[in-house]
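> Residue-level listing of the chains:
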Amino acid sequence: MSESISVPQERAPVTARVPAQPPGRRRRHPQVNVHRRREALTAYVFLAPWFIGLLVITVGPILASLYLSFTDYSLLEEAKWVGLGNYTEMFFADTRFLTSLKVTTIYVVVSVPMQLAFALGLALALDRGLRGLPFYRSIYYLPSLLGGSVAIAILWRKIFGTDGLVNGLLAMIGIEGTGWVSDPDTALGTLILLHVWTFGAPMVIFLAGLRQIPQSYYEAASVDGASRLRQFRSITLPLLTPIIFFNLVLEVIKSFQSFTQSFIVSGGGGGPVDSTLFYTLYLYLKGFKSYEMGYAAAMAWVLLLIIAGLTGVNFLASKYWVFYGDTK
Amino acid sequence: MATRSKRAPLLFRPLPRGSRLLKHLLLIGFGLIMLYPLLWMISSSLKPEELIFREPGLWPSAVTLENYTEGWTALKHSFGYYLWNSAVITGLSIVANLVACSLAAYAFARLNFPLKKLWFAIMLGSIMLPHHVTVVPQYIVFAELDWINTIWPLVVPKFLATDAFFIFLMVQFIRTLPRELDEAAAIDGAGYWRVFGQIILPLCMPALATTGIFTFIWTWNDFFSQNLYLTNSDNLTVAVALRQFLDSSGESSWGPMFAMSIVSLGPIFGFFLAGQKYLIRGVATTGLK
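Residue numbers (my numbering), protein chains in the order written: chain D, 1 to 328; chain Z, 1001 to 1289.
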């Protein structure tokens, strides 16, 4: 039984290759040099599309967007330098910006832990010799694939509409619901629920992580009389912390950039009363509806800094709770 | 066998039959709750309009295909037209990602070149980069090129390997292939291109399949870019057309809209069924969505 659990194996280094050159200024054989140069040249040819893309599609626009963030620009007129104007406006004058920041933060802080809790809970329920695992895994994973689509966002709007499915079900047990998506108190909640609904992807990652835990640990713990709960707390949870961390970083980055759901459910404006005005939706409205492209670029840079900051904080905090096995 | 099960650790000891059954019932029940919205949408798309609001149950008391025929022709073009537009963009994106990302991945996984570590780090970093940081200048450039309302802004970047996720996926995969194969081919006189084309690529099929399927789903579902670059009613994709549906019909004709939503999800569901193995493996190894 225990052989079926595969432990990842480092591939042994290929010994036939030339051993590393000893340090010092020994001249290499000229043919080796020619060979190396040819290999490097070929590599750059293989990488050519990626290099061009990096330059034209990624690095160039990042720098351009940094420049634009210090200007007023609307596609039609020349860019006008305004220094830090866009940034000061954002944080000191634009209440809609602050609202969008608040809405997105609430969304991320509430929905990501809930989503990961569901993912972990079901991964634990499905782990270890459960019959029909592939079937359950597929069912729970499906919403992750569909969750980002316009069709599901439309469906959500209908489910939580005034005469929608939820209110229909509530009416059957005699409760009168509200218009969930049109009520500013509950609109964001429906989007959070939509995100939690897509817990399947992190669940699959958790399942893969659980498989990596050697069964012998549990056997040993069991011999020592550890209860199931104790085994979970002392074996499963610590050994899973790197996976939890990985999922956390990934989901925070992703959910901070959510767009489609809020766009469709709110009808494109972030309503009601800006209660679903996601950061990226506001960026879109600024840049491509009112064509304040300098302002949008500044917002994009703030977004980049926020995401980099969150990832950095996550990594720093990880020292205190993520267990990598090699540290005592 | 009997002694084995007696000594089996607590966590793996088979549950008693009753509670095993209970567990399955709970899991199925929970799955049903999860899928209920989807099932309800399917059932609603088959109901006459006036029943949708009145029946929260799944079984339609009257079945009609009217919503589908009505929805198919409700917009300026038939819905098939938008499906075709989406298919073209998605198809080109798949080809682009397969070609550009596998080329780059081979170089990163197998070849030595100066500054390789630095470039690799930059590639990994670009995966995390929010799309919004580049979108404003990109839009300006594409507008200068007169590419708004064409498919080029959606497809050309992919030919330049900007979906670095897939480079990473393939690098990870190629690294697991034994290098001896490359070396044997090299001894037989194969150059880098031949090793790439005749050894690496054929062995990479699982990674290529994962890339293809994910590219399909992401491109098909992508709303932000398509909504940004395609505004002319003659070249809308499914995602943007559905949204127009919402705008034009307001809160009135949910039946046809559900019907077309189902149609739009059909291809994703098909790819999901066909490529489940690759999807699950892709998610498990790289954390793709």
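Calculated from the structure, these hints are not laboratory results. Hints are supplied without guarantee of correctness; some may be wrong.
[Stated by the list, open to error] Derived lysine to any residue pairs resembling SDA-like cross-links, with alpha carbons at most 20 Å apart:
hint	chain 1	residue 1	chain 2	residue 2
1	Z	Lys-1023	Z	Leu-1038
2	Z	Lys-1277	Z	Ile-1140
3	Z	Lys-1277	D	Val-109
4	Z	Lys-1117	D	Trp-301
5	Z	Lys-1023	D	Thr-95
6	Z	Lys-1076	Z	Lys-1277
7	Z	Lys-1116	D	Gly-269
8	Z	Lys-1116	D	Phe-135
9	Z	Lys-1023	D	Ile-52
10	Z	Lys-1117	D	Phe-51
11	Z	Lys-1117	D	Phe-135
12	D	Lys-289	Z	Lys-1116
13	Z	Lys-1023	D	Phe-232
14	D	Lys-254	D	Ile-106
15	Z	Lys-1076	Z	Asp-1234
16	Z	Lys-1277	D	Leu-229
17	Z	Lys-1023	D	Tyr-217
18	Z	Lys-1023	D	Ala-125
19	Z	Lys-1117	D	Leu-229
20	Z	Lys-1277	D	Arg-211
21	D	Lys-289	Z	Trp-1147
22	Z	Lys-1023	D	Phe-259
23	Z	Lys-1117	D	Ser-138
24	Z	Lys-1116	D	Glu-39
25	Z	Lys-1023	D	Phe-118
26	Z	Lys-1116	D	Arg-137
27	Z	Lys-1116	D	Phe-118
28	Z	Lys-1023	D	Leu-229
29	D	Lys-289	D	Phe-259
30	D	Lys-289	Z	Ser-1253
31	D	Lys-80	Z	Ile-1094
32	D	Lys-254	Z	Asp-1146
33	D	Lys-80	D	Ser-234
34	Z	Lys-1277	Z	Val-1263
35	Z	Lys-1117	D	Ile-52
36	D	Lys-254	D	Thr-311
37	Z	Lys-1277	D	Ser-138
38	D	Lys-102	D	Gly-269
39	D	Lys-254	D	Gly-312
> Sort out whether Trp-1147 of chain Z lies within 20 Å of Lys-289 of chain D, counting only the CA atoms.
OK: Lys-289 of chain D and Trp-1147 of chain Z at ~18 Å, within 20 Å.
> Could you grab the alpha-carbon distance between Lys-1277 of chain Z and Ser-138 of chain D and see if it respects the 20 Å cut-off?
holds, 10 Å
> Measure nothing beyond the straight line between the CA atoms of Lys-1116 of chain Z and Gly-269 of chain D; if it is 20 Å or shorter, mark the hint as holding.
violated, 45 Å
> Are the Cα atoms of Lys-1277 of chain Z and Arg-211 of chain D separated by 20 Å or less?
Holds, at roughly 17 Å.
> Between Lys-289 of chain D and Ser-1253 of chain Z, is the straight-line Cα distance small enough, at 20 Å or below?
violated, 27 Å
> Between the alpha carbons of Lys-1023 of chain Z and Leu-1038 of chain Z, is the straight-line distance 20 Å or under?
violated, 24 Å
> Does the structure keep Lys-1117 of chain Z and Phe-51 of chain D at a Cα separation of 20 Å or less?
holds, 15 Å
> Is the Cα-Cα distance between Lys-1023 of chain Z and Thr-95 of chain D 20 Å or less?
With a Cα-Cα distance of about 50 Å, the restraint between Lys-1023 of chain Z and Thr-95 of chain D is violated, given a limit of 20 Å.
> Would you check the hint for Lys-1277 of chain Z and Ile-1140 of chain Z, treating anything up to 20 Å between C-alpha atoms as holding?
violated, 40 Å
> Holds or violated: Lys-1277 of chain Z with Val-1263 of chain Z, Cα cutoff 20 Å?
violated, 24 Å
> Quickly compare the C-alpha distance for Lys-80 of chain D and Ser-234 of chain D to 20 Å and report which way the hint goes.
violated, 60 Å
> When you check the alpha-carbon spacing of Lys-289 of chain D and Phe-259 of chain D, does it fall within 20 Å?
holds, 15 Å
Checked against the numbered hints given earlier, the structure breaks hints 1, 2, 3, 4, 5, 6, 7, 8, 9, 11, 12, 16, 17, 19, 22, 23, 26, 27, 30, 31, 32, 33 and 34 and satisfies all the rest.
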